[in-house]
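Here the protein sequences come in this chain order: S, H and V. Going by the working numbering, the first residue of the first sequence is number 305, and it counts up by one from there. Going by the working numbering, the first residue of the second sequence is number 4, and it counts up by one from there. Going by the working numbering, the first residue of the third sequence is number 101, and it counts up by one from there.
Hints should not be assumed to be uniformly reliable.
In the DSBU-like style, the derived pairs of lysine-lysine whose C-alpha atoms are separated by at most 35 Å in a straight line are [what the hints assert, rightly or not]:
1. S:312 to S:399
2. H:63 to V:146
3. S:373 to V:146
4. V:192 to H:64
5. S:312 to H:90
6. S:387 to H:63
7. H:90 to V:192
8. S:399 to S:383
9. V:192 to H:18
10. S:409 to H:90
11. H:64 to S:373
12. H:115 to S:383
13. S:383 to H:90
14. S:399 to H:115
15. H:63 to H:17
16. S:378 to H:74
17. H:115 to S:387
18. V:192 to H:63
19. H:64 to S:312
20. H:74 to V:150
21. H:64 to S:409
22. S:373 to H:90
23. S:373 to H:18
24. S:377 to H:63
25. V:150 to H:90
26. H:64 to V:195
27. V:195 to H:17
28. S:399 to H:17
29. S:312 to S:334
30. V:146 to H:115
31. H:90 to S:377
Read the hints as simulated data drawn from the structure, not as lab findings. Given the structure is predicted, the values throughout are model-derived calculations rather than measurements.
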Amino acid sequence: MPLEVNGKTYETDEEGYLANLNDWNEDLAKAMAEADGTTLDENHWEVINFLREYYEEYQIAPAVRVLTKAIGKKLGPDKGNSKYLYELFPYGPAKQACKYAGLPKPTGCV
Amino acid sequence: MSEPWEEEGPGEVKKFMYVNRKAPYGTIYALESLEVVLIAAAFEQDVSLAFVDDGVYQIKKGQDTQGIGMKNFSPTYRALEGYDVEKLYVEAESLAERGLTEDDLLVPVEVKSREEMARLMDEQDVILSF
Amino acid sequence: MLHTVNKSPFERNTLTACLGHALPESAVLLIEDGVYAAMNGTAFEKDVRKAMEDRTLYVLGPDLLARGLTADQVIDGIQVVDYEGFVELTEKHDKVQAWL
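With the hints as constraints, model all of the structure from the sequences given.
So, in C-alpha cells, the structure goes:
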C-alpha cells in the first residue's frame, strides 16, 4: 500500500515498510508514526537516527537484542535497555522504529 | 507471564559451525549463510564461521556492487561482533591459493591451517555447510 | 564424523575439499552426482584410494543405478549402501557434514 506524504507517493511493502531506503525523509517518519497514533519526540528521533546510522554502516537492520546493546554503548545504560525502548516503541523497537527509520524489517524478526 | 524485554536463558549451549565455501555474488549461498547466522544468533549458541576455498572471497575488502545491481552485503560481516559471533576462521591454504593475505580481509579473523580447520570441524556439535 | 559429497568431482571441488578436511577414522559417503567419484578409472581414483587408507568410503547404490553405473564398476573397497544404510551411517556418527 503506497503512503502519501506532502503530496508525494511512496511505495511500501504489505507491512508498511518503505520499499526504497533512499525515499526516506523526516516527514515520512512523522506520518508513519502518526498513523500508529505516536508523536515522535527527541527520544524517538535519537533511536531512529541511530538505526539509520547502523544501517548505513552494516547494511542490515539490527535485531532488538543487538540494537539494545549498541544503544547502551552509545547513549548509556539508561537507554540501552529493552524496557526503555519498548516504552518508546510499544509495538517493538525493531518493528516500529525500523519502519519509521525507513529500514527493511530486521532479519529474523518475526 | 513474561514481558518481551525479559530474555530467557540459553539452555544447553552447542557448538555450531557455519562453513562457507562459495564466492559471494555468483550464487545465493553466501548471503543465505549470513542470514541464517544472524537469525540463529538469537539462540545464543557457541557459533563460529569458517571461510574455506572460495568462501574467503566473501570477506574480501573493497567490494562495490553498484555496477551489478546487487546488494553489497559485505559490510554486514562487520556487524557479526555485535551479534556475539566473534569466531571467524579463515583457512590459510585457501587464502594463499587465491593470492590473498589477512590484510585483504574486511574483518578481523583467525587464520588456521587446513589441518587445524579439520580439527575445529571435528570439535563441533553441528556443522552447517553453505 | 560422516561427510557427504553430492557433486561430481569434475564439476566442483567438493570432493577435494571434503577429503582435505576429513580426519582419519571418519566416513565419507558419496551421494547424488558425488557417486561419479566412486568409479574405477577416473582422474580422481588415485585421490579416492589415498583417502581410503585411513578413512572409510561409501557410495549410495540407488544414485549409482540411476546414473547407469553398477556396483562392479566401483573402486574396490568402497562400500555400496542403500537408503537404510545411509540412515544407519548418520545414526552411527556423532555428526554429519554435508559438503556442497
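How the hints compare with the structure:
no. : hint           : verdict
1   : S:312 to S:399 : holds, 24 Å
2   : H:63 to V:146  : holds, 34 Å
3   : S:373 to V:146 : violated, 53 Å
4   : V:192 to H:64  : violated, 42 Å
5   : S:312 to H:90  : violated, 46 Å
6   : S:387 to H:63  : violated, 39 Å
7   : H:90 to V:192  : holds, 29 Å
8   : S:399 to S:383 : holds, 18 Å
9   : V:192 to H:18  : holds, 20 Å
10  : S:409 to H:90  : holds, 26 Å
11  : H:64 to S:373  : holds, 27 Å
12  : H:115 to S:383 : violated, 40 Å
13  : S:383 to H:90  : holds, 29 Å
14  : S:399 to H:115 : violated, 39 Å
15  : H:63 to H:17   : holds, 29 Å
16  : S:378 to H:74  : holds, 27 Å
17  : H:115 to S:387 : violated, 42 Å
18  : V:192 to H:63  : violated, 39 Å
19  : H:64 to S:312  : violated, 39 Å
20  : H:74 to V:150  : violated, 43 Å
21  : H:64 to S:409  : holds, 27 Å
22  : S:373 to H:90  : holds, 19 Å
23  : S:373 to H:18  : holds, 23 Å
24  : S:377 to H:63  : holds, 28 Å
25  : V:150 to H:90  : holds, 32 Å
26  : H:64 to V:195  : holds, 34 Å
27  : V:195 to H:17  : holds, 12 Å
28  : S:399 to H:17  : holds, 29 Å
29  : S:312 to S:334 : holds, 14 Å
30  : V:146 to H:115 : holds, 27 Å
31  : H:90 to S:377  : holds, 21 Å
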